[in-house]
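Visitor: Take a look at the letters that make up each chain.
Protein chains: 2
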Amino acid sequence: MRRFENPTVAVVGATGAVGRTMQAILAERDYPVGGLRLLASERSAGAVVETPWGSVKIEDLATADPTGIDVALFSAGGGRSREFAPRFVDAGATIVDNSSAFRMDPEVPLVVADVNDEAIETHRGIVANPNCTTMALMMAAGPLHEVAGIDRMVASSYQATGGSGQQGMETLERQIEWFRGKREAMQHGGWEDPGGDLYQRPIAYNVLPMAGAITDEGYTDEEWKLVYETRKILEAPAIKVEPTCVRVPTMVGHGIAATMFFDRPMPLEEALEILADAPGTELWPDSHVPTPLDSAGIDDVLVGRVRETVGDRGGISLWVVGDNLRKGAALNAVQLAELLLER
Amino acid sequence: MRRFENPTVAVVGATGAVGRTMQAILAERDYPVGGLRLLASERSAGAVVETPWGSVKIEDLATADPTGIDVALFSAGGGRSREFAPRFVDAGATIVDNSSAFRMDPEVPLVVADVNDEAIETHRGIVANPNCTTMALMMAAGPLHEVAGIDRMVASSYQATGGSGQQGMETLERQIEWFRGKREAMQHGGWEDPGGDLYQRPIAYNVLPMAGAITDEGYTDEEWKLVYETRKILEAPAIKVEPTCVRVPTMVGHGIAATMFFDRPMPLEEALEILADAPGTELWPDSHVPTPLDSAGIDDVLVGRVRETVGDRGGISLWVVGDNLRKGAALNAVQLAELLLER
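For the record, the sequence lines run as chains A and B.
Going by my numbering, the first sequence opens with residue 1, and the numbers climb by one from there.
Going by my numbering, the second sequence opens with residue 344, and the numbers climb by one from there.
Bound conformation, chain A alone (with noise of 0.2 angstroms):
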């Protein structure tokens, strides 16, 4: 594997919400950077934009010639994953994808850092970075899963509108403004819908739960993800997962109630040994639970409400939740950008 002392990285995606995450975070880890590129549609090339590392102007992506990238963070939606990320490697950079366009290849690992990062060794020039959702509970299920391997999960999420991006949160907040004054209705029917097309149904004073568009058997994307990507993570195809991915309206953070089994009992003080010592995680108290607004800006995914199933003995309930744009998406690529470095 190449190492890089002072590389040229590149941030493709660069105006989104995710992209300018990934230039905080880059700045705030103290990456080596030697030189920072950005790259977004053309709608935004030609902008100059203050940078840690200087001013740089922004490049079309479509246009551009990835000479001299070393490391490339995309964050800029699968179809131009699939399309720039080959052209970018066969350049001599290495990717670092956010989208959902090489998850599952074969040949591209999928790592979450601080879980399965000797996963990244195999890499081609392309790097996976996992779902958000995804990403959260592997922080609490990848090391109960090393010590006793999970058997079957089922996973509900409590997914925020930042999951949807910008658009997203502002929906959230046109909508809580249509519904100000209007309890009665809400509370006793006659509500008029706020409208909008990012999501199908409303989702300020609401939940939706159909996070993600239907694919196969009913689930949606987001479900598929959170099937697939956790057992491609823990190296464990036989993993059961039963997905419910639903969207609050909460801005951002995104959580998961969990109830796991594993091939052999967990007794609860071994899985709240294992769980402390986590890295990347912070064990929160049922005194003080911890909830997607605590999530919001920091690194670390909080883990709570841990406790031994009841029905069937032997398993462990629990609650994560992360910030999704930082662990579950530029926080991870970034610490994945730095595992390229190390190894």
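A hint or two may mislead.
Subject to a maximum C-alpha distance of 20 angstroms in a straight line, what follows is the list of computed SDA-like cross-link-like pairs (lysine to any residue) [claimed, not checked]:
| # | chain 1 | residue 1 | chain 2 | residue 2 |
| --- | --- | --- | --- | --- |
| 1 | B | K525 | B | Q510 |
| 2 | B | K400 | B | G411 |
| 3 | A | K240 | A | E173 |
| 4 | B | K583 | A | E308 |
| 5 | B | K400 | B | P449 |
| 6 | A | K240 | A | D216 |
| 7 | B | K525 | A | P267 |
| 8 | B | K525 | A | F179 |
| 9 | A | K182 | B | W521 |
| 10 | A | K240 | B | V653 |
| 11 | A | K240 | B | F605 |
| 12 | B | K525 | A | E173 |
| 13 | B | K400 | B | R386 |
| 14 | A | K57 | A | T67 |
| 15 | A | K57 | A | G78 |
| 16 | A | K240 | B | K583 |
| 17 | A | K182 | A | G165 |
| 18 | A | K182 | B | E513 |
| 19 | B | K583 | B | E616 |
| 20 | B | K525 | B | E535 |
| 21 | A | K182 | B | P608 |
| 22 | A | K240 | B | E651 |
| 23 | A | K182 | B | R517 |
| 24 | B | K583 | A | E146 |
| 25 | A | K240 | B | T558 |
| 26 | A | K240 | B | P608 |
| 27 | B | K400 | B | G421 |
Treat the hints as calculated values from the structure; they're not laboratory data.
With chain A held as given, fit chain B onto it using these hints.
Guide: Just chain B, lined up with the frame of chain A:
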């Protein structure tokens, strides 16, 4: 069992959200009220309320004489039920109690109308109305259980602030105002706690993965209700339930994401047929998935996202959502009062 022709009906807790909804539903359903008595705490006593059955002066529960009451709908909290329900029974009344006081009493039937109506026959003066979250879930789980027997189930709730009464909805409204214009802090951290002592953590723009208060083994009272009430209602003491109860920033309508496995594989088509025929429910398509806002103010419990499990095969995952004040409380109580007439 005694029959009533035109019973004298008492609503105990007449000024609360559930008590007021009980009166509205008695009228909507043309319950043959021979006379109405309204009881509440000393604070409300003396006020005169206009009802479809004339002006009624609110009586002080502590000093009222229950003589002459045929059916009493109690929704004034567990403490008052424990204190006063037995006195009302001694005076000849039959009680439908919405509190948790008697739900697990082996001599008190726990009845979801349209699910286990026949259980009401065994009452000795008190019939218990189930917990609102359990009630919504039972409307879908009951008919499936009757056909194939539920073996195990994982249920995660999305419970409205209205489940905490008027104060819950007011807390949500106040906190929504508190966070108005503070998206930056919600996104990146640095928000200030809006305070309030109803919920342990903020509920606006947040979810609180701990509805109720922790009792045994790290589970909340709300979660234990899902475990024990499910078993009692379905008369299946071996059903294994893994519950997680989460409060979400909605006004009305408790949602539950559930995954259930049966004594035999349950084909999706069979589940859909059973649920399409289930009384008191509506099966909604994925193209217009049912949400809490849809459930507000209506009697039916809404069912959606019905799909076969994909980890372990042969199970069913689904979503249910019901108005916690109506089917979850007042409607079922009135339905039980109707059963008391019929049987």
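Visitor: Now tell me, hint by hint, if it's right for this structure.
Guide: Hint check results:
With a C-alpha separation of about 24 angstroms, the suggested pairing of B:K525 with B:Q510 is violated against the 20 angstroms cut-off. At roughly 16 angstroms between alpha-carbon atoms, B:K400 and B:G411 fall within 20 angstroms of each other, so this suggested pair holds. Between A:K240 and A:E173 the alpha-carbon distance is near 37 angstroms, which puts this suggested pair outside the 20 angstroms criterion. For the given pair, B:K583 sits about 13 angstroms from A:E308 by alpha-carbon distance, which is consistent with the 20 angstroms threshold.
Among the hinted pairs, B:K400 with B:P449 is inconsistent with the structure: their alpha-carbon atoms are about 36 angstroms apart, more than 20 angstroms. For the hint pairing A:K240 with A:D216, the CA-to-CA distance comes to about 17 angstroms; that is within 20 angstroms, so the pair holds. With a C-alpha separation of about 42 angstroms, the suggested pairing of B:K525 with A:P267 is violated against the 20 angstroms cut-off. Distance hint between B:K525 and A:F179 is fulfilled; the C-alpha atoms sit about 18 angstroms from each other, no more than 20 angstroms.
Note on A:K182 and B:W521: the hinted pairing holds, with a Cα-Cα distance of about 17 angstroms set against a maximum of 20 angstroms. For a cut-off of 20 angstroms, the pair hint linking A:K240 to B:V653 stands: about 7 angstroms separates their Cα positions. Restraint check: the Cα-Cα separation between A:K240 and B:F605 comes to about 17 angstroms, which is no more than 20 angstroms; the hinted pair holds. Taking the CA atoms of B:K525 and A:E173, the gap is about 10 angstroms. The hint holds against a cut of 20 angstroms.
For the hint pairing B:K400 with B:R386, the CA-to-CA distance comes to about 13 angstroms; that is within 20 angstroms, so the pair holds. With a C-alpha separation of about 16 angstroms, the suggested pairing of A:K57 with A:T67 holds against the 20 angstroms cut-off. Only pairs whose Cα atoms come within 20 angstroms are accepted, and A:K57 paired with A:G78 is rejected, the gap being roughly 24 angstroms. Restraint check: the Cα-Cα separation between A:K240 and B:K583 comes to about 18 angstroms, which is no more than 20 angstroms; the hinted pair holds.
This hinted pair does not check out: A:K182 and A:G165 have alpha carbons roughly 27 angstroms apart, beyond 20 angstroms. Proposed proximity of A:K182 and B:E513 is supported: the alpha carbons are some 13 angstroms apart, at most 20 angstroms. Using a Cα cut-off of 20 angstroms, the hinted pair B:K583 and B:E616 is violated, with the two alpha carbons roughly 25 angstroms apart. Using a Cα cut-off of 20 angstroms, the hinted pair B:K525 and B:E535 holds, with the two alpha carbons roughly 10 angstroms apart.
At most 20 angstroms may separate the alpha-carbon atoms for a hinted pair to count; A:K182 and B:P608 exceed this at roughly 45 angstroms. Between A:K240 and B:E651 the CA atoms are separated by roughly 13 angstroms; this keeps the pair inside 20 angstroms, and the hint holds. For the proposed pair A:K182 and B:R517, the alpha carbon gap of about 14 angstroms is at most 20 angstroms, so the pair holds. The hinted pair formed by B:K583 and A:E146 fails the criterion: a straight-line CA distance of about 26 angstroms is larger than 20 angstroms.
Annotation: proposed proximity of A:K240 to B:T558 is violated, straight-line Cα distance about 30 angstroms (limit 20 angstroms). The straight-line distance between the Cα atoms of A:K240 and B:P608 is roughly 16 angstroms, inside the 20 angstroms bound, and the hint therefore holds. This hinted pair does not check out: B:K400 and B:G421 have alpha carbons roughly 24 angstroms apart, beyond 20 angstroms.
In terms of the numbered hints stated before, the structure departs from hints 1, 3, 5, 7, 15, 17, 19, 21, 24, 25, 27, listed from lowest to highest.
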